[in-house]
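**Q** Residue numbers (the numbering used here), protein chains in the order written: chain A, 1 to 195; chain B, 1001 to 1252.
Source of the hints: derived by calculation from the structure; they are not laboratory data. Any given hint might turn out to be false.
Computed footprint of chain A on chain B; a stretch qualifies when at least three of its residues, placed anywhere within it, have a C-beta under 8 Å from a C-beta of chain A [stated by the list, open to error]:
{"hint": "1", "region": "1083 to 1096"}
{"hint": "2", "region": "1113 to 1124"}
{"hint": "3", "region": "1175 to 1183"}
These figures come from a predicted structure and were not determined experimentally. We put the beta carbon where it would ideally sit given N, CA and C, even for glycine.
One letter stands for each residue in the lines below.
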Amino acid sequence: MTGVTIIDTGIANTASVTAAFERLGCTVSLTHDARRVAESPLVVLPGVGSFGAGMRVLRANALDQVIIDRVSDDRPLLGICLGLQLLCDASEESPGIEGLGVINAMVTRFPSAVRTPQHGWNRVGDGYAYYSNTYRIETIPRGWEGQTSTHGSPFVAYLRRGTTLACQFHPELSGAWGANLLRSWIENAKEATPC
Amino acid sequence: MLTRRIIPCLDIDNGRVVKGVKFANLRDAGDPVEQAKRYERDGADELVMLDVSATIGGRETALETVRDVRRELSIPLSVGGGVRTVEHALALLRAGADKVGVNSAAVENPLLLRELADRVGAQCVVLSIDAAARLDDRGWDVVTRAGTNRTGIDAIEWAAEAESMGAGEILLTSFDQDGTRSGYDTALLRAVREVTTLPVIASGGADSATHMLDALNAGADAVLAASIFHDQDTTPNALKQELRASGIEVRI
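Can you make the complete structure from the sequences, with help from the hints?
**A** Right under this line is the structure:
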């Protein structure tokens, strides 16, 4: 049985993320305890809500450094939606608030010419992913691989480096395509860090 | 490119799916979990569940239903119906809703949406507007309490306020068309589209892909339907094939 730890920031749709991993046969636990987040084999940083509120919760629970360390040590981490954005340098949503800075990018707002929030399914490679976002990063930063979607102009759909996967969309709400992505993240993480 | 969504709607009363006409004459239409699974399999882009039960016991049952559906469903779930407090909305989100719709309570207390958005983010907040054509046919009234109360509030002005009130989406139901299967109120959709940049879900009156095409061309980002799916007359995927043939971007 694969154990997955979801960081409980109190502002995310943890029920949907939990259900998605349970459908894949995982045992899911929720925590905001820094030691448990540091020690768990598979960690998910979900996120719904504002950038500033998200960073406040991470700092208040001393989770910021734990997450930074996980990414630099290549211990499996999945960031979802705001979870991706929190890994970046900063966001237009909350000026003056520093992000985790493991992805060297600035999070910006979709231009007013396109529908915001972007609610719905958008093409990613050969599939469709479900998005619910008003902010995004525009280009794939150096040192990361990934793919883009288009809403008015291209934006980053997901980024990957080693066992770190950061999605702007919600894989837990992206049907069978999303489930496959979660499954491959788990399998890749288990190969990289045999337990 | 962002695709247009087809959203089946399940009206839930005491743990069962029900269907009525103009918000009344409810009849039993099945098990919510089974229907939710079938809709996902048949290409639904999202699911809306409306709790139409009128009792406190019914409310508790609805939370159970949300939990049961969430366990099985891997597409977004929006839940509304009788949401009157931030606590109730949070309970639905914790049970597994991805978005919560607020209707009558937002009319009575517009600050509710702002309070909710501050807690969970605007992208989780849906303003449900039930609109009925005014008796003199000049515009639409917001109606509440399952259509029994004509508020006198101008539905278009109300929609224009949605974003600043804290909503991330508008679910726009035509009370006149609901359950009639004679097409969406496209004039209403056009009027709302002109005053907001929020995503708008058209609801009330769908019977065919042609109706959906009309609504999408009138500015809807998504189309909701209930009767046509309950009666298994068609599926979201079948409708999407027709929409795609008409040049609409859909997920198939």
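**Q** Cut-off 8 Å, C-beta pairs, minimum 3 residues; does the coverage of the region 1113 to 1124 of chain B by chain A stand?
**A** As far as the region 1113 to 1124 of chain B goes, the hint holds, because 6 residues have Cβ atoms under 8 Å from chain A.
**Q** Tell me whether the statement that chain A covers the region 1083 to 1096 of chain B is true, taking a Cβ distance below 8 Å and needing three residues at minimum.
**A** Check passed, 4 qualifying residues.
**Q** Can you take a look at whether the region 1175 to 1183 of chain B is actually covered by chain A? Rule is 3+ residues, C-beta closer than 8 Å.
**A** violated (count 0)
Comparing the model with each numbered hint stated earlier shows that hint 3 is the single one that does not hold.
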